[in-house]
Structure formats: C-alpha cells, structure tokens
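Student: Residue numbers (this note's numbering), protein chains in the order written: chain A, 3 to 552; chain B, 2 to 179.
A portion of the hints provided could be inaccurate.
Covered stretches of chain A (in silico footprint by chain B; criterion: 3 or more residues with CB under 8 Å from a CB of chain B, positions within the stretch not fixed) [as the list claims (entries may be wrong)]:
#1 211–220
#2 232–241
#3 354–365
#4 433–441
Keep in mind that the hints were calculated from the coordinates and are not lab data.
Every residue, glycine too, gets a C-beta built ideally from N, C-alpha and C.
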Amino acid sequence: MTRTDDARASGIVRQDRPVDHVDQFEEAIRTPRLGPSGWARWAWRQLTSMRTALLLLLLLALAAVPGSLVPQRSADPNGVVQYFARDRATAEVLDWFQLFDVYSSVWFSAIYLLLFLSLIGCLVPRIRHHLTAIRSAPPLTPKNLGRLPAHRVDVVDDATVARAIEEAERELRSSRYRVVRVDEGQGRLSLAAERGYLRETGNLVFHLALMGMLVTVAIGGGFKYIGQRVLVEGQTFVNSRLAFDSFDAGRFVSDDSLAPFSLTLDRFTVSYVTDNVNALGLASSFIADVTIDGQGSDSRKSATIEVNSPLSVAGSEVYLLGNGYAPLITVRDPSGTVVFSDTVPFLPQDSNLTSLGVVKVPDGLTRQVGMIGFFYPTRATTSSGASYSSYPDLVFPVLTLNVYVGDLGLDAGNPKSVYQLDTSAMTEVAGGESGVSALELTPGSRADLPGGLGTVELEEIPRFASFDIAHDPTQIPALATSIAALVGLGLSLFVSRRRIWIRATQLRGDIHLEYGGLARGDDPRLLPAVESLARRVSDRLTPTTPKEPA
Amino acid sequence: MLTGCASESTDLSDAGGDYITGTGTITEIPRTERGARISFSGELDTGGTADSDDWLGSVVVVNFWYAACPPCRAEAPDLESLYQQFLPDGVVFIGVDVRDEAATALAFAETFGITYPSILDTRGGEVQLAFAGEIAPNAVPTTIVLDRDGRVASRIIGQIPDRSVLETLIEDVIGEEG
Chain A
3 MTRTDDARAS
13 GIVRQDRPVD
23 HVDQFEEAIR
33 TPRLGPSGWA
43 RWAWRQLTSM
53 RTALLLLLLL
63 ALAAVPGSLV
73 PQRSADPNGV
83 VQYFARDRAT
93 AEVLDWFQLF
103 DVYSSVWFSA
113 IYLLLFLSLI
123 GCLVPRIRHH
133 LTAIRSAPPL
143 TPKNLGRLPA
153 HRVDVVDDAT
163 VARAIEEAER
173 ELRSSRYRVV
183 RVDEGQGRLS
193 LAAERGYLRE
203 TGNLVFHLAL
213 MGMLVTVAIG
223 GGFKYIGQRV
233 LVEGQTFVNS
243 RLAFDSFDAG
253 RFVSDDSLAP
263 FSLTLDRFTV
273 SYVTDNVNAL
283 GLASSFIADV
293 TIDGQGSDSR
303 KSATIEVNSP
313 LSVAGSEVYL
323 LGNGYAPLIT
333 VRDPSGTVVF
343 SDTVPFLPQD
353 SNLTSLGVVK
363 VPDGLTRQVG
373 MIGFFYPTRA
383 TTSSGASYSS
393 YPDLVFPVLT
403 LNVYVGDLGL
413 DAGNPKSVYQ
423 LDTSAMTEVA
433 GGESGVSALE
443 LTPGSRADLP
453 GGLGTVELEE
463 IPRFASFDIA
473 HDPTQIPALA
483 TSIAALVGLG
493 LSLFVSRRRI
503 WIRATQLRGD
513 IHLEYGGLAR
523 GDDPRLLPAV
533 ESLARRVSDR
543 LTPTTPKEPA
Chain B
2 MLTGCASEST
12 DLSDAGGDYI
22 TGTGTITEIP
32 RTERGARISF
42 SGELDTGGTA
52 DSDDWLGSVV
62 VVNFWYAACP
72 PCRAEAPDLE
82 SLYQQFLPDG
92 VVFIGVDVRD
102 EAATALAFAE
112 TFGITYPSIL
122 DTRGGEVQLA
132 FAGEIAPNAV
142 PTTIVLDRDG
152 RVASRIIGQI
162 PDRSVLETLI
172 EDVIGEEG
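Chain B extracted, bound-state conformation (with noise of 0.2 Å):
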C-alpha cells in the first residue's frame, strides 16, 4: 500500500493524449475549447468557508495538496511567492488539503509561511468531486488555475517545475481581455 503523492504517474502513463510522466506535466486549454464553470466550495482551515463564486472575475489558482507530501513541501514556497507577486492582480490563491485536518493544516502553513488559505476536503471531498468531472487533477500535487469564468485554463500535474511555469501561466490568463 504505497500511499500518496505520485510524482511519476504509474501505469497509466503511454496511453498518449495529456497523459503524463513524470513531475511537472503542463496542459494549456486554449479558451475556445475551455469547459464548463467549476464551483466548489469548503470548509477552511483557517475557520469559515469559502465559494469558488466569489470569486468570478478573478484569476484563481487551485493548489491541491497535504502536509506529508514530499512535493508539496518543495513547491509550497513557489506558490507562497507567487501568491505575493500576483496579490495586486487580484489572482485568488486557495489550497485544497486533501488528507489532514485543520491542526496539520495550518501547521504547515506556519512552517512554509503560507499566508493564503486551504479548503479542508478529507472528510467531504466535495472539491475533488466538483473537479473529477472536467480536468480531473490525477496526482498530489495539482496546480489548477481557472479563468474569469471559472473554467480551468491550465494545469500543472505533480510538482511545479519550475517557479517561471506557473508565472507564465498565471500572466497568459491574466492577460486574457475580461
């Protein structure tokens, strides 16, 4: 029973199409091809909730991801710099822990100084189940960035390869007329 974070797909992986080896596997949607609005929402860890509706009109970026992952912990200062950079954008930032509690949660936040906040999704897995129709992420971590409209607009399987990647995706999205 090994458990977790793939960073290299497992058998899937010749089937062709987005299908991936390897960490760091980038699928571009042009935005004529773009599916349906994705909406989901959760529990924080930080207290309260969270709507994806809230937040149409922005660029948002969905992190999926947990404490114990190896990758996780690599990228969580990407993401957390990023987050910074694109703050005045208004690019919404959200994690979806998808294994710890709260405690666990946020405890990894404070080591990574991770300052926006996750969607708590062991026990309900509602955000996992909204994203399993379209593009479904297939491996901790996931990088989703959705459009204006809420459509996923690109993603990053498995570990960020580099910062620049998800830079440039966040910038092609925000450049996209609103």
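Okay, chain A solo, but in the shape it has when bound (with noise of 0.2 Å):
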C-alpha cells in the first residue's frame, strides 16, 4: 500500500545545534505547504490507502441495510406503492432521500465508485511494483547471516568452496529458486536467492478478478432479460416484449435487443414409468418438439429441449420449466354459433395433474360468463365422493367446470391474470353453492349452461409447456472472472515468499556452509525449510555410502 513519508514532519536533533542558532521556524513541526496538485496527491493518497479502501467496504455494506428495510422499486414495486398510500408525508421525504431506490441512488453509486476508484489506485502501483521485482535479482547476502530469522551452519570437510557454493546452486534452483551468485573477495563465495513470486501475482490476480466480477455484474446486468410464455402444442412464441407471459429486463436492453426469432410447440412428450410398482406414473422423460424460425426464409430448423437441456437460440437459452394440460374448450350460443373456441392452460396442483383454470367468455353469450374448472387426467373417487387424478396421463380425463355469469370486470379497461376469475360482480350458476351440479365434461362430449345460455364442449386436451427465455451475456465473463479469482486466492494463500542466503568460506580446512532465510510475511515453514535445504546440499557434497550400489 502507499504510505506517505513522514520523514519531513519530524522535527528531531534540535539540542545539537549552537545555542545562538536562529530557528527560522519556530513551530514544532511544520507541514510544507500544499498547492492544489499537492492537495490532489494528498487526496489521492488518503483515497488509495488501504484504511480509506477498508472503510469504504464497511460503508457500502451499511448503505445495503436500508435496501432490505424499506420496499424497494426494482424488488417489490407494489410495496412502495403501499407505502405511499400509508403514509404519504414520510414516503416522500423517504423518496427524496432515493430510499425506494438504494442501489441506484446517488450515495450508494458514489460509494462503489469511490470504493473503485480506490480499488483500481492501489492496484496500480502494486503491479507495477511487482513488475520490478520480478525482474529485479534477488538482493546481495547481507554481511551477517546470524541475525536472519532462520540461520545454520554446517562444516563439510573434503570440498572445495567453489564446489561447495555449485552444489548448492544446484540445490536452490531444483527447488525452483531464481539465484545470483555473489563474490565476497576473499575467497568467500554466496548466494542469494529468492522465490515465491506467484504470492503477489496471485493476490494481485485474485483483485483484478474481483473488480472484473463487479464490473460483469454492473454492466453486463444491463443486458440481461429474462421471460416466461406458456405455449400449447401447435402454438408459437414470438421474442418480442408484446408475445412474453411475464418479462424482467435489464436497464439497456430494448425492443431491438430481443433477437427476432419465433418458437413454435409442435408437439411435447411426456414418458411414463410403467415397469416400476414404486415409481409408477412418476415422470421419466418432458420433451419437447420445436420448431426455430428465424426472420430469414431458409433458417426453419427443427430442434428438442428437455429439462436441463435448454436450446441456444440467437444468444437466447430457451429452458423447459413446468407443463400441463390445455384443454381445447368451445361454447356455443343456443343457436349452435361458436363464440369461444380456446385451448385454456390449466395449471398443475398436484403430481398426478389435477389442474385446475380458468375460461372467460366475454362476448356472444346473452351475459358474460366465467368457468372455474378442475381437469383431472385420470379421474379417480375418494370414499367421500371428492374426485382426484390418479395418474398423470390421459387414461380417464374429465374436466368439471363451474359456472358464473355476470360482469368478468374485463370492460373497464383494467388488466387482468388470466388465470383468475374475479367472482366479485358475478353469480354462480353451477357448481359449488348453486345447488345445481357442477357441469361434468369427457372428452367429446357437451353439456348445457344453466339458464339455456348455451352449450359447452371439451373437445380435445392438447399439453402445454413453460418456457423461460434468458439472455444472460455475463455468465462466461461471470466464470471466468470467478475461476481466475479463486487461482489467484490460491496461490497468494499457499505459495510462499522466501529468501534464502547461503555464504561458504574456507577455515582451515573446513568448508563452513552458512545458511540464512528470511520469510516476506508470515511463514512457519521457513526454518524446515532452510533445514531441509541444507541436509540436501550435505548429502550432495559428502555422499554418504550406506549401501554399496550391488
């Protein structure tokens, strides 16, 4: 980290001076002063210290706290709106604060831009300091070894200073140390050698890689979109914003960003398991026949998805989700004239289908008409006389609807789900608390809407499937930053900095080997490790003969 120089402030050896001096400044200590590049050094100074980079962390998990205290509008639009109607006075004072908005709002931007700014001024330096040491040779043997953290002398008889000094090179650099040999005159003879390097690449790597994963997630986050369209078999899906069920999108992406391709369900199979008492009727297989159209003429392909096999269209995955059943469901008026004819999703509830949705008539019929309808595959009765699904596939399907008549609450021109029926301004008329039965409906068959408003018919039961349609450009820049962030975390954990000195003289006939090491930071391996090294370069000059070679 930076670290300014306080040399200058100090104001020592005073008493040294004659008596008469004339101190010029008569203060104690005194700053130089500041001209405003020296104001902009300091600024940068104190922005770029590790303190500052530490405090800043701390601050922009604070500012986090209010964006899970108070509803936010890109989470839960609908509890800001609560909000202001609770209490309009201090939703206002809030606002102006931008507390519905934390993550987009200024003091939270400048934040994580300070924070950035400091990030990327502190790395700066770092790496091109690092640059120079790692081309840099490691520093000259200091003159007294004895005062290093890890020291040792051996005596080897029988070598030669020369010999002794080569041998040991050898030594360090099969333990891939990067050495210079150092001529004391004299006849003395050492080396210095240094290793470990990758610590700092690796810290330095472990940070780049972490501003590349916020950069990714701060920009890339942007373009991402993501949306959801129920399809039943034999429809198709348009990428465009009007033809998705639900849609959430980054802030850049346009209408334009939607890659125009369109998806049509040709068919979608469901396999069941048949041959397992156990598993009986429990899904084996969803998948799901497709066909790509892109706007040219000739880019017509056929394709599947399964789960977990999504479909790469145009930069877009396309995954499965859920499916289900969407019965083909028309109403006659009493004179025989079709006025609703509609494959209706009917939405899962249970594992063996029991489904249950919704059918709206708005137009044709003397009232408008509303059907809350339960469909089940294969209908099986309870003791009580409750009907269930007994089994996920289409061995005995009957769908029971019943029947509301009056104002759907659709003409207001206030928009509605489609899977919900709003009962409020309509009357039963079947089914439930009506005392006349719900309408009972098999495959082909037709039955008669109270009041002789007309017929309805369960014609066929195609399925539905959901899909999710995703755009995310991040996800490879997303992993790569994160692989090269945990690397680097590795190496700046488990590889070690050390140096290592060693110094041979001739005294007497002796050889003295002497050994210094000296750790950059924290490390508890380093005396073995001058050991061990030492017992090797022993071995090599003395070779033992425990054993003679046979």
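The task is to assemble the complex, starting from two chains supplied on their own in separate frames and drawing on the hints.
Tutor: Rendered as structure tokens:
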C-alpha cells in the first residue's frame, strides 16, 4: 500500500545546534504548504490507502441495509405503492433520499465508485512494483546471516568453496529459486536466492478478478433479460415483449435487443414409468419438439428442448420449465354458433396433474360467462365422493366446471390475470353453493350451460409447456472471473515467498556453509525449509555410502 | 404467471428513449427516419387471408389485441368509429389477434360491432415476427399506423389514450404527399 513519507514532519535533533542559533521556524512541526497539485496528491493518497478502502467497504455494507428495510421499486413495486398509500408524508421524505431505489441511488453509487477508484489506485502501483520485483535480481547477501530468522551453519570437509557453492546453487535451482552468485572476495562465495513471486501475482490476480466480476455484474446485468411464456402444442412464440407472459429486463435492454425469432411447440411428449410399481406414474422424461424460425426464409429448423437441456437460439437460452394440459373448450350460443373456442392452460396442482383453470367467455352470449374448472387426467373418486386424479397421463380424463354469470370485470380497461376469475360481480349458477351440480365433461362431450345460455364442449386435450427465455451475456465472463479469483486466492495463500542466502567460507581445512532464511510475511515453514535444504546440500557434498551399489 | 396485456409496462420503464410507462405512449416517426417496409400476411378470423402488399398506397392501421384483454375491450369502440370515419379516405384497418381462435375473435367483433377483420396470429406468430425487427410492439394492445409505403409512421403502446389522438396520427399520415 502507499504510505506517505513522514520524515520531513518530524522535528528531531534540535539540541545539537548552537545555543545562539536562531530558528527560522519556531513551531515544532511544520507541514509544507500544499498547492492545488499537492492537495490533489494528498487526496489521492488518502483515497487509495488500505484504510480508506476498508472503510468504504464497510460503508457499502451499511448503505445496503436500508434496501432491506424499505421496499424497493426494483424488487417490490407494490410495496412502494402501498407505502405511499399508507403514509404519504414519510414516503416523500424517504423518496427524496432515494430510499426506494437504494441500489441505484446517488449516494450508494458514490460509495461503490469511490471503492472502485480506491481499488484501482491501489492496484496500479502494486502491479507496477511487482513487475519491477519480478525482473530484478534477489538482494545481495547480508553481512551477518546470524541475524536472520532462520540460521544454520554446517561444516563440511573434503570440499572446495567453489564446489560447495555449485552444489548449493544446483539444489536451490531444483527447488525453483531464482539464484544469483555473489563473489564477496577473500575466497568467500555466496548465493542470494528468492522464490514465491507467484504469491503476489496470485494476490493481484485475485483483486483484479474481483473487480472484473463486479464490472461484469454491474454492466452486464443491464443487458440481461428473462421472460416466461406458456405455449400449447401448435402455438408459436415470437421473441418480442408483446409475446411474453411476464418479462424482466436490465436497463440497457431495448426492443431491438430481443433477437427476432419464433418458436413453435410442435409436440410435447411425457414418458411415464410403467415398469416399476414403486415409481408408477412418475414422469421419466419431458421432451418438447419445437421449430425455430429466424427472420430469414431458409432458417427454419427443428429441435428438442428437455429439462436441464436448454436450447440456444440467437444468443438466448430457452429452458423448459413446467407443463400441463390445455383442454380445447368450445362454447356455443343457443343457436349453435361458436362464440368461444380456445385451448385454456390449466395449472397443475399436484403430481398427478389435477389441474385448475379459468375460462372467460366475454362475448357472444347474452351474459358474460366465467368458469372455474378442475381437470383430472385420470379421474378417481374418494370414499367421501370427492374427485382426484390418480395418474398423470390421460387415461380417464374428466373436466368439471363451476359456472358464473355476470360481469367479468374486463370492460373497465384494467389489466386482469388470465389465471384468475374475479367473481365479485358474478353469480355462481353451477357447482359450489349454487345448488346445481358442476358441469362434467369428457372428451367429445357437450353440456348445457344453466339458464339456457348455450353449451360447452370439451374437444381435445393438448398439452402445454412453459418456457423460460433468458439472455445473459454475463455468464461466461462471470465464470472466467470467478475461476481467476479462486486460482489467484489459492496462489496467494499457498505459495510462500522466501529469500535464502548461502555463504561458503574456507576455514582451515573445512568449508563452513552458512545458511540464512527470510520470509516475506508469515511463514512457519521457513526453518524446516532451510534445514531440509542444508541437509540436501550436505548429502550432495559428502555422499555417505550406506549401501554399496549391487 | 401474470399474463397478458400490460397497461403499465414492467421494469423496462426507466431506460429512457422510447421506453414507456403507463398506457398510451405515443411515438411518431418523421418521414425521413422511417425504417423498411413491413410485409405481413395471415389468415383472417372472417375466413380467407390478408396480405399487406395489397394495401400499398393506402394508410394502414394495425391493432394488436385479444378478446380477454381489458384495455383492448375499452378501446374497441374508438377503433371501429375511426374505421368508419376514415373509410372514405381508403384507410385500411386490420386487427391482429395474438391469443384467440377465430370463434372467440368473431364473438368479440360481434360484441363491439367491429366491422374490420383480424389476422389470427396465435398459431403462427408471423405478423408479430414481421414487426419484431422494426419497432416491436411491446404490449397488448399496441396500435401502429403504416404509411402508404408500408413503413411504420407512428405507434401507440397500450390503450389509446383518447380517440382524437389516433385520429390525429392517422390524419397526419393521410396528409403526407403520396
């Protein structure tokens, strides 16, 4: 980290001056007057110091807290609306402080931008420093190796200084040290060696990867979109916002960024386990046969989508989510004219696909009709008379309908979910409390609507599948940066940076080999490393002969 | 799974540009900045087919809708009355039903007295695809006015705010020299 040099600020060695010395500056400590560039430099130093970075990180965590206390427009728009309705005055104050949009607020952005700046300002000098360190030779051998944290002297006879140094150098190199040979004169030779540059490299890679990840998420997130769509067999989805049932997108997504393609669900096949009594009726596979069509004329192709096996189309991934039945229901008026004929997706309620659906017939009959239906793919009856589905495939399909007449609530212009029936302005005329039993239909059968309104027919029962269409350009960069961060972290934790010096001196007939070791940072394995190195060097110099070669 | 016609657009809203909150966001494109001609065709709810190439030289109003969509129901009478008003000027009105089968679409037309036909786009989606590259309609209902060359001249996303708004948009395009 960068540290200011405070030497100039210390008022030292005053008493050595003559008594009659006239001090020019009477004050004990005097900081130099800073010009604009000086102040800028000072501010930059403050910003890029480790202390500030940690403080900003803490501040970022604190600033995120209101986001979980106050409803956010991005996550919970309804909550915000309710807050305003409940307490308008407070809400307006909170809104002025951007507390409903914490994560995009000015002050939150300021903190993380400063943090980024601080990180960059800290990393750049460190990288420059590290590059110099990598290129430069290990520092020369200190005079007194005995002062180093790891120290050891071996006495070897029957060798020369040159040979001892040569063997030691070989040993160091085989342990992947960078070695420099130093001739200290008077017949003394020494080695200066250093290893573990990867530790700092790993540390830098880790920090850079973290920054890369943040940038990826921050910028890439704006290009993401995800949408859902339910398709009945035979229906087509077109990749435009109009066609999605629900849609959620980043801020940089425009209509043009939705790649134009269409996807037709040709067939949806479900296989069931039939040969294992314990798993009878469990689905063993879901396969959606689809046709993809780009805008070009010759770009039609067929494909299959399965669970956990999405389809890539024009930069988007299409995932298969759920499925169910979408009975084709036809309603006729008393004269036999068809006024409604549609496949209606019924949402599964249990594993045997007992499904619930809503049919709205707004036009063509004398009154608007709404129906809440239960669909049983294989209808069974409990001893109390209630219906349930006993098997998810179509063995004995039955559709029951509770019928309501009145106002569907569609004509006021307010959006309504197609999966819900607002019965507040309607009367139940069949099923439930109405006293008339619910309509019951099997494929091909027809039932009369109460009050001579018309008839309902269950024609066929195609399946529907629901798809997730997601476009996420951040996936690969996010993976790459997280792998880089992990690798960098591993290197910075497990690589130890050590300096070792070895000095060989001729003393009488013996060679004194003196070892000194110094670790950069905390390194409990320094002494063992030096000792094992010394042992290996000694072995090289005096090959003991425990065993004669055979 | 909330489905259907958004009267308020979702989170896309604050991206600026053409992006849109609420009903009736109007975009008018000056003549010189219009994109390529849009061609589309499809089966009609009344039987038979329609092809946009037959309407070159006429101003065309395209309305994306479906029967159970409340804003579509709310604006239907205005569309029909504008259709009647501009019939003498040769303005073509065409609906594009994005969710219903023929019978449902016809019953809707019956309820609101709609006399112009609709292309059924539920199964093929071709009309939506044709509009997807240019100015994509982002919500149902969406109303688009095509000029005499078949290029997008203006659009209203969401329910038509007022009958007079669409009336003005159509008149502007009619007023352009052919």
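Student: Do three or more residues of the region 354–365 of chain A come closer than 8 Å to chain B, measuring C-beta to C-beta?
Tutor: holds (count 4)
Student: Per the coverage rule (Cβ-Cβ under 8 Å, at least three residues), is the region 211–220 of chain A covered by chain B?
Tutor: Our answer is that it is violated, as 0 residues pass the Cβ test (under 8 Å) against chain B, missing three.
Student: Mind checking, does the region 232–241 of chain A have 3 or more residues with a CB under 8 Å from chain B?
Tutor: Contact hint for the region 232–241 of chain A vs chain B: holds, 7 residues under 8 Å.
Student: Establish whether the coverage given for the region 433–441 of chain A by chain B is satisfied; the threshold is a Cβ-Cβ distance below 8 Å, and no fewer than three residues must meet it.
Tutor: violated (count 0)
Violated hints for the displayed structure, listed by number in ascending order: 1, 4.
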